[in-house]
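*Asks:* Here is how the chains run, residue by residue.
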Amino acid sequence: MSSIGSSLNQQHSSAVFAADKICWLVDEQLILDCLTFEIKAQEFVGIIGPNGAGKSSLLRCLYGLNEICAGELTFQNKPSHTYTRRELAKQIAVVVQEPPTHFDMKVSDVVAMGLIPHKSLLAFSSPQEQITIDNAIEMVELSEKKNAAFNTLSGGEKQRVMVARAIVQNPQVLILDEPTNHLDIQHQIEVLQLVKRMQVTVILSLHDLNIAAAFCDRLILLDKGKIVADGSCDQVLTQQNLKNIFRIDGQIDQHPFHSGRRITFNFTDGKVNEI
Amino acid sequence: MKKIVILFIGLILLPFCHLSQGKDDGENKIAQRIIALAPHSVELLYAIGAGDRIVATTEYADYPKAALKIPRVGNANGIQIERVIELKPDLVIVWQGGNKSADIQKLKSLGVNLLSTQPFKISDISKELRQLGKLTGLEQQANKVIEEVEKRYKEITNKYKSRSKVKTFYQLWHDPLTSIGPDSWLESLLNDCNAENIFKDAFSSYPVVSIESVLVKNPQAIIIPHHSGDNDLQATEKTRIWKKWSEISAVKNGHVSVINGDLLHRFTPRVLDGLQTLCEDIDKVRRK
Amino acid sequence: MKFKYSFITIFSLILLIFSLLAATVIGSVDLTFGQVFETLFICNENQNSGIQNSCSVDPVYQKIIWEIRLPRILMAFLTGAGLSITGAILQSVTRNPLADPYLFGISSGAALGAVLAISVFSSGIISVTFGALSGGIFSVILMLTLAGRAVLQVERLLLSGVAVSFMLGAFTSLIIYYSDPDTASTLLFWMMGSFSNSQWQDLLLPAISITIGFILFLIYRSWIGAIQAGDEGAFTLGIPVNQLRLMMLIICSVITAILVAQVGGIGFVGLMIPHISRYIVGSTLHKVLFMCVTIGGSFMLWVDVVAHSLIPDQVLPVGIVTAAIGSLFFFLILKSRGRAL
Numbered sequence: 001m002s003s004i005g006s007s008l009n010q011q012h013s014s015a016v017f018a019a020d021k022i023c024w025l026v027d028e029q030l031i032l033d034c035l036t037f038e039i040k041a042q043e044f045v046g047i048i049g050p051n052g053a054g055k056s057s058l059l060r061c062l063y064g065l066n067e068i069c070a071g072e073l074t075f076q077n078k079p080s081h082t083y084t085r086r087e088l089a090k091q092i093a094v095v096v097q098e099p100p101t102h103f104d105m106k107v108s109d110v111v112a113m114g115l116i117p118h119k120s121l122l123a124f125s126s127p128q129e130q131i132t133i134d135n136a137i138e139m140v141e142l143s144e145k146k147n148a149a150f151n152t153l154s155g156g157e158k159q160r161v162m163v164a165r166a167i168v169q170n171p172q173v174l175i176l177d178e179p180t181n182h183l184d185i186q187h188q189i190e191v192l193q194l195v196k197r198m199q200v201t202v203i204l205s206l207h208d209l210n211i212a213a214a215f216c217d218r219l220i221l222l223d224k225g226k227i228v229a230d231g232s233c234d235q236v237l238t239q240q241n242l243k244n245i246f247r248i249d250g251q252i253d254q255h256p257f258h259s260g261r262r263i264t265f266n267f268t269d270g271k272v273n274e275i
Numbered sequence: 276m277k278k279i280v281i282l283f284i285g286l287i288l289l290p291f292c293h294l295s296q297g298k299d300d301g302e303n304k305i306a307q308r309i310i311a312l313a314p315h316s317v318e319l320l321y322a323i324g325a326g327d328r329i330v331a332t333t334e335y336a337d338y339p340k341a342a343l344k345i346p347r348v349g350n351a352n353g354i355q356i357e358r359v360i361e362l363k364p365d366l367v368i369v370w371q372g373g374n375k376s377a378d379i380q381k382l383k384s385l386g387v388n389l390l391s392t393q394p395f396k397i398s399d400i401s402k403e404l405r406q407l408g409k410l411t412g413l414e415q416q417a418n419k420v421i422e423e424v425e426k427r428y429k430e431i432t433n434k435y436k437s438r439s440k441v442k443t444f445y446q447l448w449h450d451p452l453t454s455i456g457p458d459s460w461l462e463s464l465l466n467d468c469n470a471e472n473i474f475k476d477a478f479s480s481y482p483v484v485s486i487e488s489v490l491v492k493n494p495q496a497i498i499i500p501h502h503s504g505d506n507d508l509q510a511t512e513k514t515r516i517w518k519k520w521s522e523i524s525a526v527k528n529g530h531v532s533v534i535n536g537d538l539l540h541r542f543t544p545r546v547l548d549g550l551q552t553l554c555e556d557i558d559k560v561r562r563k
Numbered sequence: 564m565k566f567k568y569s570f571i572t573i574f575s576l577i578l579l580i581f582s583l584l585a586a587t588v589i590g591s592v593d594l595t596f597g598q599v600f601e602t603l604f605i606c607n608e609n610q611n612s613g614i615q616n617s618c619s620v621d622p623v624y625q626k627i628i629w630e631i632r633l634p635r636i637l638m639a640f641l642t643g644a645g646l647s648i649t650g651a652i653l654q655s656v657t658r659n660p661l662a663d664p665y666l667f668g669i670s671s672g673a674a675l676g677a678v679l680a681i682s683v684f685s686s687g688i689i690s691v692t693f694g695a696l697s698g699g700i701f702s703v704i705l706m707l708t709l710a711g712r713a714v715l716q717v718e719r720l721l722l723s724g725v726a727v728s729f730m731l732g733a734f735t736s737l738i739i740y741y742s743d744p745d746t747a748s749t750l751l752f753w754m755m756g757s758f759s760n761s762q763w764q765d766l767l768l769p770a771i772s773i774t775i776g777f778i779l780f781l782i783y784r785s786w787i788g789a790i791q792a793g794d795e796g797a798f799t800l801g802i803p804v805n806q807l808r809l810m811m812l813i814i815c816s817v818i819t820a821i822l823v824a825q826v827g828g829i830g831f832v833g834l835m836i837p838h839i840s841r842y843i844v845g846s847t848l849h850k851v852l853f854m855c856v857t858i859g860g861s862f863m864l865w866v867d868v869v870a871h872s873l874i875p876d877q878v879l880p881v882g883i884v885t886a887a888i889g890s891l892f893f894f895l896i897l898k899s900r901g902r903a904l
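Protein chains in written order, with the working numbering: chain C, 1 to 275; chain X, 276 to 563; chain S, 564 to 904.
For reference, chain C alone in the conformation it holds in the complex:
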């Protein structure tokens, strides 16, 4: 199995994902309205926006769970819908929002699932596979819980197991849907650092704007199904956008410890200031 860092097998300038006016509706309601954007190889892209903006829906369009109703979406220069699910699975790994509940498989078995897109049904397991699995588990720092049942883990540990599974899948694109929800601050940072080290294209949705500013090369700001801003963190995280989209007052300045921005929220008497 090749190592975690993926080799660039696409041309440097071509996009991994290219979306041209894509739309998605459900029950006659337009959730995503005419989105156009590009994601380049090895970019670390954050999708941000208020609740209901359509972040998860957009991610689902990218990995094929949602079928777009208009526009064109290409993955590595081929229209998305021409790929089979399995072909997509070999290249795109997804860490979904909610890890499964009431699920008592062993941790290492869960991580082993990441190999499914690459294995035929009739193939037997090889020792090499076990090494890959163990490495991935070590990367998320859960080695001592290798044989524990999944449902005995904390929410954060479960999330890290799912990340390990994604690592084993050896993708070129990693999509994460609000991966930091259940994690404490230490693990939030650790998981994102780990993901960043993987040197794959990363697309993730986030709520925490400071974390987004610290890790993302680029941000796409969604509101009510439309792209409001698309660019570097500096370009997207403006006081204007904070006020208009997030409806909150804040101050944006240079972060004291890293090269990105820092956002400080302003609310007095525990009440959000009226805009």
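Not one of these hints is a red herring.
Using 20 Å as the maximum straight-line C-alpha spacing, the simulated SDA-like pairs for lysine to any residue come out as follows: (1) 106(C) <-> 847(S); (2) 106(C) <-> 843(S); (3) 78(C) <-> 38(C); (4) 146(C) <-> 568(S); (5) 119(C) <-> 782(S); (6) 440(X) <-> 428(X); (7) 434(X) <-> 549(X); (8) 519(X) <-> 630(S); (9) 527(X) <-> 621(S); (10) 518(X) <-> 556(X); (11) 119(C) <-> 806(S); (12) 429(X) <-> 551(X); (13) 518(X) <-> 763(S); (14) 106(C) <-> 793(S); (15) 850(S) <-> 103(C); (16) 492(X) <-> 621(S); (17) 492(X) <-> 620(S); (18) 426(X) <-> 405(X); (19) 196(C) <-> 44(C); (20) 475(X) <-> 490(X); (21) 492(X) <-> 623(S); (22) 409(X) <-> 321(X); (23) 402(X) <-> 458(X); (24) 626(S) <-> 515(X); (25) 146(C) <-> 845(S); (26) 442(X) <-> 460(X); (27) 224(C) <-> 56(C); (28) 119(C) <-> 778(S); (29) 21(C) <-> 37(C); (30) 519(X) <-> 633(S); (31) 518(X) <-> 508(X).
Anything over 10 Å on all C-beta distances counts as not near chain S; from chain X, calculated: (32) 277; (33) 278; (34) 343; (35) 365; (36) 419; (37) 471.
Hint data in this document are derived by calculation from the structure and do not stem from the laboratory. Quick caveat, the model's predicted, so the values are computed rather than measured. Note that beta-carbon positions come from the ideal geometry of N, C-alpha and C, so glycine has one too.
Given the coordinates of chain C, work out where chains X and S should sit on it, guided by the hints.
*Replies:* Just chains X and S now, with coordinates in the frame of chain C:
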């Protein structure tokens, strides 16, 4: 406190007062409107000449022919209590083994004049006839029938009393394989023919048995009753099982007989016809 | 999970073999292991051949073993194994620990088919088994149709199954109500399950379907395991979730319908044996399936033994015995563990 306890006990015992009324009703009235909830009771009433007094009965009351015209107020699934009450009977004959006990209780609690019937052997028929004779005021006719029945019964049983016992398997039904146990009407018939029911030590009166146990007990005769209600499939299935078990004495020697079940399964004078055929069939084993 | 897996596997296999032997020996006639062994391996089947052999077993006993006991216990084994693996797969694929083979009203459909075969098509054109099989398959088709386009949503599927179960059960009860007492007693006893009338040719269809099903389950075990972790996650691994689920449902339905058609409705086994298996070996699917075969098969064999020997000379319906033993088992397990199954 004492009064309450006595009252409470009295209330609990109240329903049981009716039970004893079952066989011997306190009223000496002659019954003119009778509802007979058992086919055999219908037959018996006709036998003593009280057939025209029956105002309602249940399904399966098909003998004599005139009985087919009597309105039906129930079947194996239950009695239409309301209709029974509506018809204002002097006497309702209930069948412990054939009517639902819930229905019987209901009738009891409504204060209906009940007579309970549950014959276990042929000699019970005489008892029933006597009771019905008394209740309908037709004692003379009843005694005549009783005399005939007892005479013929003695004739049949005396013939075989001193002969050897024949081990017999009575196949009540084939699917599931059901036979008869102790204290059943049918076993008493077998005993009358001086046959030994191979399942006479079973736990229940109608045990579901395995082919294996029949094999092991190796009966000399197998009796299979045929009913007019059987469909074609059931008729052939009944005997098919035994064809391949020639290890059984009865099969090997050709003593698997199909007889008229309708006659045997009814507690009336007609059973004597069935009894005669049954005993003759069983006797074939002795004569071999 | 406290013991080594290989130790457990061997132990369960030994248990199965022991159960098979015990079931052959115990019955209305109590035979010895020696007689059974002789009959199976030494005695000539063809007793009239005139060839002298060293067979000391009474021909009647030989016939009992070959014609009555062996088909019966093999049917019991197949039923126990088949219902258990079906239950295990259904529980995994619907992510519902309360799923069992009768999820889709198959038992009700089969009962309806059996009832119709006996009481309506009474001239014997349609055998009870064929009627029950048609009824079982009909109930699956009905359930899929009722679920409609949403057939691929698990919840909709389960609800549809419950609806079909009740509906067909009502029709069955209605027909029984209007049948004569003999037919009614036949049907009621049938519905409660029995291995008594099993013959060698009856074993063919169950054996084939269970073997094919088992092989398919093993082939797709990694995918089925992934579905247990969530539909969306499985989707992202490239698994055709809906098609796989549907395929598994159909395979399970076919196996169940075939079994119910032969032996009637036997409950508890498909629900509890998978849970017991998981308790012993964990959630890895191929381990669970193997344990279901051995434990499910053994359990059913003992149930059959009890049904035939609890009351001397009499036979109890198998379904009653499974329910009695099963509920006791379930109760004990719940007490000994703290957490919910």
